[in-house]
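Sequence order for the protein chains is P and Z.
Residue numbering for the first sequence follows the numbering used here, beginning at 1 and increasing consecutively.
Residue numbering for the second sequence follows the numbering used here, beginning at 1001 and increasing consecutively.
Keep in mind that the hints were calculated from the coordinates and are not lab data.
The beta carbon of each residue, even a glycine, is placed where N, CA and C say it ideally should be.
Pairwise CB distance ranges, derived in the manner of DEER restraints:
hint : chain 1 : residue 1 : chain 2 : residue 2 : range
1    : P       : THR319    : Z       : THR1038   : 51 to 59 angstroms
2    : Z       : ASN1090   : P       : LEU56     : 29 to 37 angstroms
3    : P       : GLU60     : Z       : ALA1158   : 23 to 31 angstroms
4    : Z       : ALA1138   : P       : THR38     : 33 to 41 angstroms
5    : Z       : ALA1230   : P       : ALA54     : 27 to 35 angstroms
6    : P       : ASN270    : Z       : ALA1227   : 18 to 26 angstroms
7    : Z       : GLN1004   : P       : GLY271    : 20 to 28 angstroms
8    : Z       : GLU1148   : P       : GLY271    : 21 to 29 angstroms
The primary structure of each chain is shown beneath.
Number of protein chains: 2
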Amino acid sequence: LIQQAIRRVLLCLVLLLTACSDPVNNALPSWADGQVKTAVLAYVDSVTRPQSPAFLPSSERIAVVDHDGTLWAERPVYFQTYMIYEQVVNQAPDHIDWHTEQPFMAVLSNDQDYLDAHGYAAMRTLSAAVTEGMTTGAYMSLSQQFAENSVHPERQVAFSNLTYLPMRELVNYLHQNDFQVFIVSGGDIGFIRGFSEQFYGIPRERVIGSSRRNVLSQDATSVLRGAQFASMNVNTMKVLNIDLHIGRLPVFAVGNSDGDLAMLAYTAKNGGFALVLEHDDAVREYSYREGASGVLEAAVENDWPVVSMRDDFLQIFKTSD
Amino acid sequence: LIQQAIRRVLLCLVLLLTACSDPVNNALPSWADGQVKTAVLAYVDSVTRPQSPAFLPSSERIAVVDHDGTLWAERPVYFQTYMIYEQVVNQAPDHIDWHTEQPFMAVLSNDQDYLDAHGYAAMRTLSAAVTEGMTTGAYMSLSQQFAENSVHPERQVAFSNLTYLPMRELVNYLHQNDFQVFIVSGGDIGFIRGFSEQFYGIPRERVIGSSRRNVLSQDATSVLRGAQFASMNVNTMKVLNIDLHIGRLPVFAVGNSDGDLAMLAYTAKNGGFALVLEHDDAVREYSYREGASGVLEAAVENDWPVVSMRDDFLQIFKTSD
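This is chain P alone, in the form it adopts within the complex (with noise of 0.2 angstroms):
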């Protein structure tokens, strides 16, 4: 008992530090002073402060963001695909056949011209190939070693500090300030999970993404990830597992392509706050528009702000975890 209250005391202690620790001064250091910062603050404020018209309980601040160029690079191809490579080369000892047959043998010969040719149906192929069958548990510990271990074959870094500090720092405001902040991803569900609290504080729970038919293992012990797709959440499915895993309207959404965009659009049209980032930095990341005009033209239509990662993020990339 006299453990117990000392316990109860400490916690108190701790509840009062964390609550009491001003959280306004320091948000966002990595981005520059100016229109986005400000909408960005200014929307956080008129939701979170008691007397504004638009304050909201914290049960309703719902963030939701896009994880591919929104939380880390996607450049030259989605990380995910290296996972799967890697568990290609792998798992190639136990399977003859993959040294003769396509696309496994452009990947074990590295034939990058193959699979730029071959894109998307040879991801398919290959990371059905190579994670059927596997408990969604060890799919996540892969990803997990793979997102703090494994190295961007460009930049020659762990993909780790492939994200972007400027965004940790709003996942991090955006906690700071009562919001329920969820990934919502065209990316393996269970990829993400493997490393979203470690990278963002975002708890596996509230990560929605892509998911496969899986199945219950006959033991009924584990589950066993499937080869077809269940949901591909991307487009109007992101609104539509935004309403399935969450049940509320998100009123704060971030994204970068036009896959994001049925999600900003509803975010938005329900009275929310839209952000999108463009990837303008040729320097320091990637500059591209291909898979994003139509995301930026509705920014503009829209009067959405718009993240320039050249001029709003004095830097880029998180250097170390």
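Please build the complex by placing chain Z on the supplied structure of chain P, with the hints as guidance.
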């Protein structure tokens, strides 16, 4: 700035009071002292006491709880059925054909024999007819109204008063011990979300249920209910959806029917606590083993504690909300 400081001080005081009230002494007042209550308290103690070898950080304290027959009654039929009947009656003026077409005619003429004979098939038709195209938001409002205000035909009390007081206490007790409690129900996900926060303090994003193939509205502002099921959340699908929505192993599971068996076994086989409610109180509630014999046998076989509603619950129903 002064206002902000005052708010912070007030927040601190609230947190202090919350953290320092003792949740243990008054835990589960409507549960009779005995083996089951002792087992529940001992399990929760074992995963929350930091010195315990079974200690779990709060992120891993995941509880999954069935709804019909576990958090509220389910007799003579699942209560969701009554909401659908009400909607048939309310919408009938716009559907003149329903007066001469089954199963609508049976509802409108109160032909219980027909409805009993056609059971689930009739229900699927009715449910799709009255809710297809409805926004998920409107459907939730409907269910909130229904659960608060509509009256159980046999018992003549509001459905809210047919929630189980001891189970509400258990959910509170788990919340006080930093569990995330998810409802995992065969019922419609939106139906339960309509009242989960109000009745159980369980936020909508912690409700997992059966869902439809919904669509985004033309103007991209809302999600419209489809007629076909996307997921029937029973048996093994409960486990697959737990993995999809939460991405963690549950450590505490409660159910009452064979449709909960997979979820209970999954929890127990991974080292968690499985608890089964037995409906054995014909005087205060209902007494039946129909649809539950498998789970009751499994409980005996695997040494899962079984709650006798007759003996372990001092009071069964919450009397008012």
